[in-house]
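Chemist: Go by the hints and put chain W onto chain L.
Number of protein chains: 2
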Amino acid sequence: MDAYTPTERSEVRRLPKRAVYDKDLVYSILDAGYVCHVGFVAGGQPYVIPTGYARAGDRLYIHGSPASRMLRALGQGAEVSLAVTLLDGFVLARSAFHHSMNYRSVVMFAKASLVTDPAEKLEALRAFTEHVWPGRWAEVRQPNERELSATTVLALPLDEASAKVRTGPPIDDEADYSLPVWAGVVPVGMELGEPVADERVLPGVAAIDTERFRRG
Amino acid sequence: MDAYTPTERSEVRRLPKRAVYDKDLVYSILDAGYVCHVGFVAGGQPYVIPTGYARAGDRLYIHGSPASRMLRALGQGAEVSLAVTLLDGFVLARSAFHHSMNYRSVVMFAKASLVTDPAEKLEALRAFTEHVWPGRWAEVRQPNERELSATTVLALPLDEASAKVRTGPPIDDEADYSLPVWAGVVPVGMELGEPVADERVLPGVAAIDTERFRRG
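In the order they appear, the protein sequences are chains L and W.
In our numbering, each residue carries its 1-based index in the first sequence increased by 76.
In our numbering, each residue carries its 1-based index in the second sequence increased by 76.
The following block holds chain L by itself, in its conformation from the complex (with noise of 0.2 Å):
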């Protein structure tokens, strides 16, 4: 099992049993979400932004505007505490004490740095596409010149990393099962809804397949 070294910063202080340093298991719940929420501070001050990502192999990027607050401060070597969090259900105790819920998480730190190169930069914005969609980088518009210098990439070095997981039923005291209540766990998922085509789709383009979509 490859796995993360904790250190002072990424080490789970709170509920250790929860906490996972498997690699695989942290590359598998970033690739399974949409949106990060990125850390930083700039002049003294947190900030809190949420933004799309897409990981290759062990970078994550993330991409946006020049004119990014956040990405200038970013791509200036700031350090970088970066958030994923897939919610699986809620978990209904019978006190109110010892609800919960379900979920998995990520949490990494690093210091990014600006893609310069050209084709890593092609490279994760095709990733930026297909993480949402598997398949789309070939069928749409590729970037052209003017677009690649409209956007700024940012890469993180996944090198200092952990995950938190909670799963299964809640945990009541001793005395509160004998309450008659229900307790159990509501799982929750993401669901797709019907496809809103464009106004100006061309007449006999095929509909989106949503069978392609890549469920968390």
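These aren't lab readings, by the way, just hints derived from the structure by calculation.
Don't take every hint at face value.
Identical copies go unnamed one by one, so any copy, or any two together, can satisfy a pair.
[Claimed, not checked] Calculated pairs, SDA-like style, for lysine to any residue (alpha carbon to alpha carbon, straight line, at most 25 Å): (1) K99 with P126; (2) K187 with A132; (3) K99 with Q218; (4) K93 with P245; (5) K187 with S86; (6) K93 with D274; (7) K99 with P256; (8) K187 with A154; (9) K99 with T127; (10) K187 with L224.
Modeler: Just chain W now, kept in the frame of chain L:
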């Protein structure tokens, strides 16, 4: 319309046309979410940690163990940035560049304060339970003295916040509308699975009614 005044840190800089400072919208996004991401600085290092939350009036509450590194740092008056993000759809354009997501997000800034008033603390704990499953508080065993002592509750005033919202179809470059590519929005929502009863639920106890569940 009751609105937040954008500050240096809460003003949305990127894509300001997506920014909304309306309090009702901010509240509705917070009330529809389940997990927030809390950003803070400890020892000069940014941290982002996912956690549950609940809103009551113009305060947002988070809670956890008194041993939590995050809650200890925050309870001492550290600056907090907190984000809640709801993913609403995948926006598939005719070019890779114009792919996007529909979403609603809130980013807020505040100093947290420890909730020490027993009545407010109990009210916050009630809000956590009711936020996830309305009506649950009255059905379950409420917190005892030991559990109240074992729970730290922090309040964050909701007076510096902004929302960001994207809705609607992809916006393609005019030339790309002639491409024979499907484009549009695939809506995304949260789906509840079949409840899984705990093994020790007493005979005769009615199954949980998922219709009571508040969907985002």
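Chemist: Hint by hint, note whether the structure agrees.
Modeler: Okay, the hints, checked on the actual structure:
For the identical chains of this complex, K99 and P126 are neighbours both inside a copy (23 Å) and across copies (20 Å), given an alpha-carbon limit of 25 Å. In this homomeric assembly, K187 and A132 come within 25 Å of each other (Cα to Cα) only inside a single copy, at 17 Å, whereas the closest approach across copies is 37 Å. Taking identical chains as interchangeable, the C-alpha atoms of K99 and Q218 are never at most 25 Å apart, the minima being 31 Å within one chain and 40 Å between chains. Taking the shortest Cα distances, K93 and P245 sit within 25 Å of each other inside one copy (15 Å), while across copies they are farther apart (44 Å).
For the identical chains of this complex, K187 and S86 are neighbours both inside a copy (14 Å) and across copies (24 Å), given an alpha-carbon limit of 25 Å. In the homo-oligomer, the alpha carbons of K93 and D274 lie at most 25 Å apart only across protomers (21 Å), although the nearest pairing inside one protomer, at 48 Å, exceeds that limit. Taking the shortest Cα distances, K99 and P256 never come within 25 Å of each other, neither inside one copy (42 Å) nor across copies (40 Å). For the identical chains of this complex, K187 and A154 are neighbours both inside a copy (6 Å) and across copies (23 Å), given an alpha-carbon limit of 25 Å.
For the identical chains of this complex, K99 and T127 are neighbours both inside a copy (22 Å) and across copies (22 Å), given an alpha-carbon limit of 25 Å. Proximity of K187 and L224 under a CA criterion of 25 Å is satisfied intra-copy only: 23 Å inside one chain copy versus 39 Å between copies.
Consistency note: the structure conflicts with the earlier hints numbered 3, 7.
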